[in-house]
Amino acid sequence: MKRKLATLLFFVLISAAAWAHNGMDHVIGTVSKLTETTITVVQEKDHEAVEVVTVQDTTYEKDKKPAHRGDLKVGDRVVIHAMKMSGHLQAHEVQFADASAAVAQHP
Amino acid sequence: MRRGFGLSLLLIVAVLAGIGAIVIRDVLLRGFSARTPPAKVEVALAATVRRHAIPARYQHMQNPVVSSPEVLHAAEAHWADHCATCHANNGSGETMFGRTMYPRPPDMRLGQTQSQSDGELYYTIQNGVPLSGMPAFGDPGDSDMDTWRLVTFIRHLPQLTSAEELEMEDLNPKSPDEMQEDQEEQNFLNGTPAQPKRNTTGKEPIR
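For the protein sequence lines, the chains are A and B, in the order given. For the first sequence, my numbering begins at 1 and goes up steadily by one. For the second sequence, my numbering begins at 1 and goes up steadily by one.
Derived by calculation from the structure, the hints in this document are not laboratory data. Be aware that one or more of the hints could be misleading.
What follows is a set of in silico ranges between Cβ atoms, one per label pair, in the way DEER data are often shown [as the list claims (entries may be wrong)]: (1) B:I19 to A:L34: 48 to 54 Å; (2) A:K65 to B:R25: 48 to 54 Å; (3) A:A99 to B:P130: 48 to 54 Å; (4) B:G31 to A:P66: 39 to 45 Å.
Not everything, but these chain B residues come out facing chain A in the computed CB check (under 8 Å) [unchecked claim]: (5) D26; (6) E94; (7) E120; (8) S162; (9) A163; (10) L166; (11) Q180; (12) Q183; (13) F188; (14) L189; (15) N190.
Some chain B residues well away from chain A (every beta-carbon gap over 10 Å; in silico) [stated by the list, open to error]: (16) A44; (17) A47; (18) P64; (19) D118; (20) G133; (21) A136; (22) G141; (23) G191.
None of the values given here were measured: they were computed from a predicted structure. Think of the CB as a built atom: it goes at the ideal place given N, C-alpha and C, for glycine as much as any other residue.
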């Protein structure tokens, strides 16, 4: 019985660990370059530039409200949830905020 | 008579041997792995078998639930909580589990799913799909209203808006670590100084 419970607990813990991020990479930083199909982000954690590909299904959110790709600007703070797809990162969701808004809130 | 029976038996054995050979060749070519998607022959064969396995009465069964904003809202919440882990909020199947499941969950916005009748969708949710990752959900019988509401939502998937998808993300199940990470990301977007990460995993903090 104890062995069965331990096995069950093991699988529950493994499932919980696998759930984290739902398999997505989180790219956090500042937008340094925009093209029609890519967003380049200088990451907050290591200041390395990372390119993320956007697709038709990519959703955009600004200040917790739906937004459009055209609203995104170089210099914006951005959090991108992306999946590794055949060698590149593909954006699932792009959350962003004006850099100026952050400065205004915390001068 | 006996000769006819012998020929039929031979034909059945030949067909089964042919299918076996295709499966063995497939496994030998790509290894015994769920990482690569099933071959087209396997997908077509499985889809045909599955479609014919659904009892005929479900082909003409109508959804008793009338679509309304309230129904869709309830079904969205249900989907986000129970289905999105594999099928994604938008039904694309592009999730960590969906991308390497064998077979892959279909993009439910497309014809392969949308061409099925209401009853066939209901049957699939209620009974699952054997030899796939799809379990059987709901109460047995033909009157599980939660399942019928999900059928309504599946019909709505091709028209799902960005606003609805974002709303659903707040309803997806999250671990405490993931909730904290969400908070940290919002803090970053708002320009709030980063707080030291609460360490619940025994690993080094991320930031």
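Hints, verified against the model:
1. B:I19 to A:L34: 48 to 54 Å: 51 Å, holds
2. A:K65 to B:R25: 48 to 54 Å: Taking Cβ atoms as reference, K65 (chain A) and R25 (chain B) lie about 52 Å apart, which means the hint holds.
3. A:A99 to B:P130: 48 to 54 Å: 53 Å, holds
4. B:G31 to A:P66: 39 to 45 Å: 42 Å, holds
5. D26: 21 Å, violated
6. E94: It holds, given that the least Cβ distance between E94 (chain B) and chain A is near 7 Å, below 8 Å.
7. E120: This interface hint is violated because 26 Å lies over the 8 Å limit.
8. S162: 4 Å, holds
9. A163: With a minimum Cβ separation of about 5 Å from chain A (threshold 8 Å), the hint on A163 (chain B) holds.
10. L166: 6 Å, holds
11. Q180: 11 Å, violated
12. Q183: Violated, because the Cβ-Cβ distance from Q183 (chain B) to chain A comes to roughly 12 Å (cut-off 8 Å).
13. F188: With a minimum Cβ separation of about 6 Å from chain A (threshold 8 Å), the hint on F188 (chain B) holds.
14. L189: 4 Å, holds
15. N190: This interface hint holds because 6 Å falls under the 8 Å limit.
16. A44: Consistent with the label, A44 (chain B) stays out of reach of chain A, its closest Cβ about 24 Å off (over 10 Å).
17. A47: 24 Å, holds
18. P64: 32 Å, holds
19. D118: Its Cβ never comes within 10 Å of chain A, the nearest being 26 Å, so this holds.
20. G133: Since the minimum Cβ distance to chain A is about 13 Å, G133 (chain B) lies beyond 10 Å and the statement holds.
21. A136: 19 Å, holds
22. G141: Correct as stated: the minimum Cβ-Cβ distance to chain A is 29 Å, above 10 Å.
23. G191: 3 Å, violated
The structure fails to meet hints 5, 7, 11, 12, 23 from the earlier list, while all remaining hints are met.
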